[in-house]
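Peer 1: Let the hints inform the model, and build the full structure from the sequences given.
In the working numbering, the protein residues as written are 1 to 254.
Just so you know, the hints here were simulated from the structure itself, not pulled from any lab data.
Check before you lean on any hint, since a few could be wrong.
[Unchecked claim] Have a look at the derived ranges for each label pair, beta carbon to beta carbon:
| id | residue 1 | residue 2 | range |
| --- | --- | --- | --- |
| 1 | Glu60 | Ser145 | 23 to 29 Å |
| 2 | Leu253 | Asp30 | 54 to 60 Å |
| 3 | Asp232 | Asp30 | 28 to 34 Å |
| 4 | Gly105 | Leu253 | 20 to 26 Å |
| 5 | Thr99 | Ala247 | 22 to 28 Å |
| 6 | Met248 | Pro21 | 21 to 27 Å |
| 7 | Asp206 | Ser5 | 28 to 34 Å |
| 8 | Glu113 | Pro21 | 31 to 37 Å |
[As the list claims (entries may be wrong)] Simulated crosslink set (DSBU-like; lysine-lysine; CA at most 35 Å straight-line):
| id | residue 1 | residue 2 |
| --- | --- | --- |
| 9 | Lys69 | Lys17 |
| 10 | Lys225 | Lys37 |
| 11 | Lys139 | Lys217 |
| 12 | Lys82 | Lys69 |
| 13 | Lys48 | Lys194 |
| 14 | Lys151 | Lys69 |
| 15 | Lys217 | Lys194 |
| 16 | Lys217 | Lys37 |
| 17 | Lys225 | Lys151 |
| 18 | Lys194 | Lys110 |
| 19 | Lys17 | Lys139 |
| 20 | Lys139 | Lys194 |
| 21 | Lys69 | Lys37 |
Note that the Cβ used here is the ideal one computed from N, Cα and C, for glycine as well.
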Amino acid sequence: MDGNSPPTWPRFLENLKDRIPAPDRTETIDSLIQREKYLDAAEVILNKLPAADFTRAIRELFVQPRYEKSSIHESTLEIDPKVVVTTNYDDIYDAYCRTGIAQDGYNVCKYYEQHLATDLRSPVRVIVKAHGCVNDISKIVLSRSQYFRAKQENHEFYAILNSLFMTNTLLFLGYSMSDPDIQLILENSNIFSKSTHPHYALVGDDIIPDIEESMRKAYNIEFLKYRAGQYDEANRCVQDLAEQVEAMRASRLT
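Peer 2: Now the structure itself:
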């Protein structure tokens, strides 16, 4: 969240749109992005963008900048969760975790790999890449049809992932509530498993009240707010959580 960071959904899609060769009318794409229909905008863009140009875009936007870790990455590692699920393509957190102190180390499991269940039953910490990674661009999931195909061809992975969402409390960091990733995740978990215990998301306080109430009811999620655009404040919130987790662990040892 602080410093130079990978592009947001709108910035990413705008960049891809501008790479379409000899672009014809792009009003449809512009309208979809403006209405936050990101999966559909990606569908239209990828139908027009050559695969080689998409690969080049991913490398230029997610690999070549060599983004540095943020303080939220640092605080998350201090919290030391057993499982971190990310829909990001970059490997910033993955690489940082390799410097972590977990005795049993870290495994990265992408949605098309078969070792998630094994990792979850072992002492190892797991970083789950639900939509692929920059180190295999051909398997990145971006558009609506790609989401459908990934779930159809890797149903065991997504079944395990859904089970995690249904049986654990989730904390979402670094997401916009207009992000289709978070909406798909929460739809699945709340439809199949009702609970009186909510999930939580750290978001800016510019979220529209009616949207907030709708998502609270539909997705069983509570919002922890910081002042919109004040990412240092968001970072402090996560650092405070890390300190409370550390204090709780220390008290259990005594």
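Peer 1: Give me the numbers of the hints this structure contradicts, sorted from smallest to largest.
Peer 2: 6, 7 and 13
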